[in-house]
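First to last, the protein sequences are chains A and B.
So for the first sequence, the numbering used here puts the first residue at 1; every next one is plus one.
So for the second sequence, the numbering used here puts the first residue at 1; every next one is plus one.
These aren't lab readings, by the way, just hints derived from the structure by calculation.
None of the values given here were measured: they were computed from a predicted structure.
For glycine and all other residues, C-beta sits at the position ideal for the given N, C-alpha and C.
Careful, some of the hints might be misleading.
Straight line, CA to CA, 30 Å or less: simulated DSSO-like cross-link-like pairs of lysine-lysine [what the hints assert, rightly or not]:
# : chain 1 : residue 1 : chain 2 : residue 2
1 : A       : Lys14     : B       : Lys118
2 : A       : Lys14     : B       : Lys132
3 : B       : Lys118    : A       : Lys21
4 : B       : Lys118    : B       : Lys63
5 : A       : Lys21     : B       : Lys63
6 : A       : Lys14     : B       : Lys101
7 : B       : Lys50     : A       : Lys14
8 : B       : Lys101    : B       : Lys50
What follows is a set of in silico ranges between Cβ atoms, one per label pair, in the way DEER data are often shown [unchecked claim]:
#  : chain 1 : residue 1 : chain 2 : residue 2 : range
9  : B       : Thr87     : A       : Ile6      : 47 to 55 Å
10 : A       : Phe95     : B       : Asp65     : 28 to 36 Å
11 : A       : Val104    : B       : Arg58     : 39 to 47 Å
12 : B       : Asp42     : A       : Glu106    : 51 to 59 Å
13 : A       : Leu48     : B       : Thr40     : 41 to 49 Å
14 : B       : Lys63     : A       : Ala96     : 49 to 57 Å
Away from chain A, derived, C-beta distances all over 12 Å, residues of chain B [what the hints assert, rightly or not]:
#  : residue
15 : Thr40
16 : Pro41
17 : Asp49
18 : Arg61
19 : Glu94
20 : Gly113
21 : Leu127
22 : Ser146
23 : Thr154
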Amino acid sequence: MARALINVPPRARKGDIIEIKTLISHPMESGYRAGYNGSIIPRDIIRLFVCEYNGVEIFRAEFSPAIAANPFMSFHTIATESGAFTFRWTGDNDFAAVETTSIVVE
Amino acid sequence: MTSSGASANAGRRDFVFRAIHIVAGAGFASLVPTTAARATPDMLREAIDKLVGSAPVRAGRVKLDIPPLVENGNTVPMTVSVESPMTEADHVTEIHIFNEKNPQPYVLAAYFGPRAGKAAFATRAKLSDTQKIVAIARMNDGSFWSDSADVIVTIAACVEINE
Chain A
1 MARALINVPP
11 RARKGDIIEI
21 KTLISHPMES
31 GYRAGYNGSI
41 IPRDIIRLFV
51 CEYNGVEIFR
61 AEFSPAIAAN
71 PFMSFHTIAT
81 ESGAFTFRWT
91 GDNDFAAVET
101 TSIVVE
Chain B
1 MTSSGASANA
11 GRRDFVFRAI
21 HIVAGAGFAS
31 LVPTTAARAT
41 PDMLREAIDK
51 LVGSAPVRAG
61 RVKLDIPPLV
71 ENGNTVPMTV
81 SVESPMTEAD
91 HVTEIHIFNE
101 KNPQPYVLAA
111 YFGPRAGKAA
121 FATRAKLSDT
131 QKIVAIARMN
141 DGSFWSDSAD
151 VIVTIAACVE
161 INE
């Protein structure tokens with residue numbers, strides 16, 4: 001599985017807006033570059049990123065070849081209840097990665 | 001020199017010029033692997049039209065934050081934020097980022113709900129040239145708002161091969 005870095009505050013007060021940062025290792029090969037022999041390197045990108053908070057989708061992003069290698073994504077949510085965040089990346093060549101983190105809301 | 005000699009000379013000069021053009025053109029073509037290797041402002045407009053249809057796109061509410069001068073087009077940080085209370089009644093549903101001169105006009109589409117709390121995100125993009133970036137936000141009432149920024153890129157993405 002691809003290596004992913006996730007930054008979610010471990011605790012938050014109920015109602016606070018928290019920032020979530022994610023970074024996953026992936027080449028994001030655009031499909032527009034030529035290799036050494038002149039042929040085009042085939043496209044290999046992450047196409048979709050979804051974040052769920054206790055099973056409810058809170059953020060979704062569709063990536064294009066114009067996203068940099070090792071896609072970084074930062075976004076926000078309201079801390080409503082303790083529980084788990086699930087992060088899903090899916091892409092070309094059956095790429096799939098899932099990470100989860102938990103948060104305590106008081 | 002007679003007048004006919006001058007015209008023959010002109011004809012020869014013309015031929016040489018044309019030959020140079022053809023050779024230069026062929027050389028250029030062999031360097032560029034695909035015919036549609038680059039988006040144009042027209043493709044940007046088409047992509048935006050596909051998103052908004054005939055709805056008007058107003059400037060404002062959206063803030064697209066990109067450094068005006070980037071050294072490396074391979075990773076260009078960008079932040080988009082939209083002025084919105086993010087309540088059930090009034091929130092941002094989508095933010096789309098488009099580019100003008102990459103091989104294709106899309107960068108990213110982000111989907112939100114009222115649970116986001118704040119309509120903002122940050123990511124990093126690849127830019128192949130100095131160009132204009134456009135961010136368009138769709139509100140839950142169906143209105144579109146936009147912002148654009150010009151970026152100068154000194155080293156373009158997709159040039160060197162690092163394998």
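For each hint, the structure was consulted:
1. A:Lys14 <-> B:Lys118: 15 Å, holds
2. A:Lys14 <-> B:Lys132: Not satisfied, since the Cα-Cα distance of roughly 40 Å exceeds 30 Å.
3. B:Lys118 <-> A:Lys21: Distance of about 14 Å is within 30 Å: holds.
4. B:Lys118 <-> B:Lys63: 13 Å, holds
5. A:Lys21 <-> B:Lys63: 20 Å, holds
6. A:Lys14 <-> B:Lys101: 44 Å, violated
7. B:Lys50 <-> A:Lys14: 40 Å, violated
8. B:Lys101 <-> B:Lys50: Distance ~18 Å between Lys101 of chain B and Lys50 of chain B Cα, so the pair holds.
9. B:Thr87 <-> A:Ile6: 47 to 55 Å: 28 Å, violated
10. A:Phe95 <-> B:Asp65: 28 to 36 Å: Hint holds: Cβ distance 29 Å, inside 28 to 36 Å.
11. A:Val104 <-> B:Arg58: 39 to 47 Å: Check passed, 42 Å falls within 39 to 47 Å.
12. B:Asp42 <-> A:Glu106: 51 to 59 Å: For Glu106 of chain A against Asp42 of chain B, whose Cβ atoms are near 54 Å apart, the range 51 to 59 Å holds.
13. A:Leu48 <-> B:Thr40: 41 to 49 Å: 27 Å, violated
14. B:Lys63 <-> A:Ala96: 49 to 57 Å: At 34 Å between Cβs, range violated.
15. Thr40: Holds: least Cβ distance 15 Å, greater than 12 Å.
16. Pro41: At about 16 Å from chain A, Pro41 of chain B clears the 12 Å cut-off, so the statement holds.
17. Asp49: 17 Å, holds
18. Arg61: 17 Å, holds
19. Glu94: 10 Å, violated
20. Gly113: Since the minimum Cβ distance to chain A is about 7 Å, Gly113 of chain B lies within 12 Å and the statement is violated.
21. Leu127: Violated, since 7 Å does not exceed 12 Å.
22. Ser146: 18 Å, holds
23. Thr154: Given a closest Cβ separation of 16 Å, the condition holds.
Violated hints, in rising order: 2, 6, 7, 9, 13, 14, 19, 20 and 21; the structure is consistent with all others.
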